[in-house]
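Undergrad: Sequence:
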Amino acid sequence: MKKKVNKPVTSEVELTPWEKAQAKRAKQQTQKFAKQKQKKRQKRKLPLLAEVKRRRVEKTGGSLLVIFATIAIVSLYFILPISRVAQVKVEHLATKDAQVVVKASKIKQRQTLLSVLLNKNKAEKTIVTNVPFVNRAKVTMAGSQIVIKVNQFRRVAFLEKDKHYYSLRQNGSTNLSETTNISGNVPVVVYKANANLTLLAQQLNLLPNRLLGAISEIHFTPTKSDPTKLLLYMNDGNQVIANAETLAKKLAYYPSIVAKMNYQGIIDLEVGAYSYPKNSNE
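Mapped onto the UniProt record's numbering, the consecutive letters of the sequence shown carry residue numbers 1 to 282.
Fair warning: there could be bad hints in the mix.
[What the hints assert, rightly or not] The following label-pair restraints were derived from C-beta to C-beta distances:
1. Thr60 x Gln99: 34 to 44 Å
2. His92 x Pro222: 52 to 62 Å
3. Lys103 x Val271: 42 to 52 Å
4. Leu64 x Arg25: 25 to 35 Å
5. His164 x Leu199: 35 to 45 Å
6. Gly272 x Lys224: 17 to 27 Å
7. Lys108 x Lys224: 23 to 33 Å
[Unchecked claim] With a straight-line cut-off of 30 Å between C-alpha atoms, the simulated BS3-like cross-links for lysine-lysine are:
8. Lys163 x Lys122
9. Lys32 x Lys89
10. Lys24 x Lys35
11. Lys53 x Lys27
12. Lys103 x Lys120
13. Lys161 x Lys53
14. Lys122 x Lys108
What the hints contain is simulated information worked out from the structure, not anything from laboratory work. The model shown is predicted, which means the values in this text are computed figures rather than measured ones. We put the beta carbon where it would ideally sit given N, CA and C, even for glycine.
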């Protein structure tokens, strides 16, 4: 036979109606206290949230105000005349040459200064490319005025053409403006149609200053056998026959040849290097 096991019997203590009422009341008091505490915490948070919101609104409003003010100022600037080119000036150049430089720069009056600033390097390169006598250019601003400063190629002679004088530069270019002041340590080249001015200028640029300054005038005297033949009138009264292709090399012998001469004469450097008196028939 199986032995019957008795299970433990648990009994719940029954609360009296009064105890139940007290427990219910205590629970209600606890819940009420918890709600009051939560409300107090919320009340403390509300001012902080309001302050945060207020600061955010002020910050956003301030940023928008700055943005709108900046836009208004920039717009006003571009409307006013001070934002545009009032004048384009080229320093140390005569009128015709200055006009050529300004035209090459493509900078015009009433153009916005901002566009000039953004295209400054391009303007400088365009001037050098399109103006033969300029080897460097710089564009600067002085208020609403544009100032262009240029460096020209070295002047190696004055070119006489139709009784007017122009600067002949080392690269063979000439200034467009006439010059009335032909003083200086450079010779006068008498213009002749179809003469190779570039070759002559390059040769003159190779001469030291003492030899360049010793020449008074240069005339083109081409022949069939020598289309680049030159006649040079020297400041000491001598004359030199030379070739434009070898002028710099041959003229280097001029001082030593003159030192051996006891007369004013003609020094022929076209083929060899010899001299003879001006009245000689040889």
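Undergrad: Check the hint pairing Lys122 with Lys108 against an upper bound of 30 Å on the C-alpha distance.
TA: 14 Å, holds
Undergrad: Within a Cα-Cα threshold of 30 Å, do Lys32 and Lys89 meet the stated pairing?
TA: 88 Å, violated
Undergrad: Is the hinted range of 25 to 35 Å satisfied by the C-beta distance from Leu64 to Arg25?
TA: With a Cβ separation near 58 Å, Leu64 and Arg25 fall outside 25 to 35 Å, so the hint is violated.
Undergrad: Assess, step by step, whether the Cα of Lys24 is no farther than 30 Å from the Cα of Lys35, and give holds or violated.
TA: With a Cα-Cα distance of about 17 Å, the restraint between Lys24 and Lys35 holds, given a limit of 30 Å.
Undergrad: Is the hinted pair Lys163 and Lys122 satisfied, with a Cα-Cα distance of at most 30 Å?
TA: 38 Å, violated
Undergrad: Sort out whether Lys27 lies within 30 Å of Lys53, counting only the CA atoms.
TA: This hinted pair is violated, its Cα atoms lying about 38 Å apart.
Undergrad: Mind checking the hinted window 52 to 62 Å against the Cβ distance between His92 and Pro222?
TA: Because 36 Å falls outside the window, the suggested range is violated.
Undergrad: Within 17 to 27 Å or not, the Cβ separation of Gly272 and Lys224?
TA: Holds: the Cβ-Cβ distance is about 20 Å, inside 17 to 27 Å.
Undergrad: Mind checking the hinted window 23 to 33 Å against the Cβ distance between Lys108 and Lys224?
TA: Check failed, 51 Å falls outside 23 to 33 Å.
Undergrad: When you take the CB atoms of Thr60 and Gln99, is the distance between them in 34 to 44 Å?
TA: For Gln99 against Thr60, whose Cβ atoms are near 55 Å apart, the range 34 to 44 Å is violated.
Undergrad: Check whether the Cα positions of Lys103 and Lys120 lie no farther apart than 30 Å.
TA: 14 Å, holds
Undergrad: Given the range 42 to 52 Å, decide if the beta-carbon distance of Lys103 to Val271 lies inside it.
TA: 47 Å, holds
In summary, the numbered hints that this structure violates are 1, 2, 4, 5, 7, 8, 9, 11, 13.
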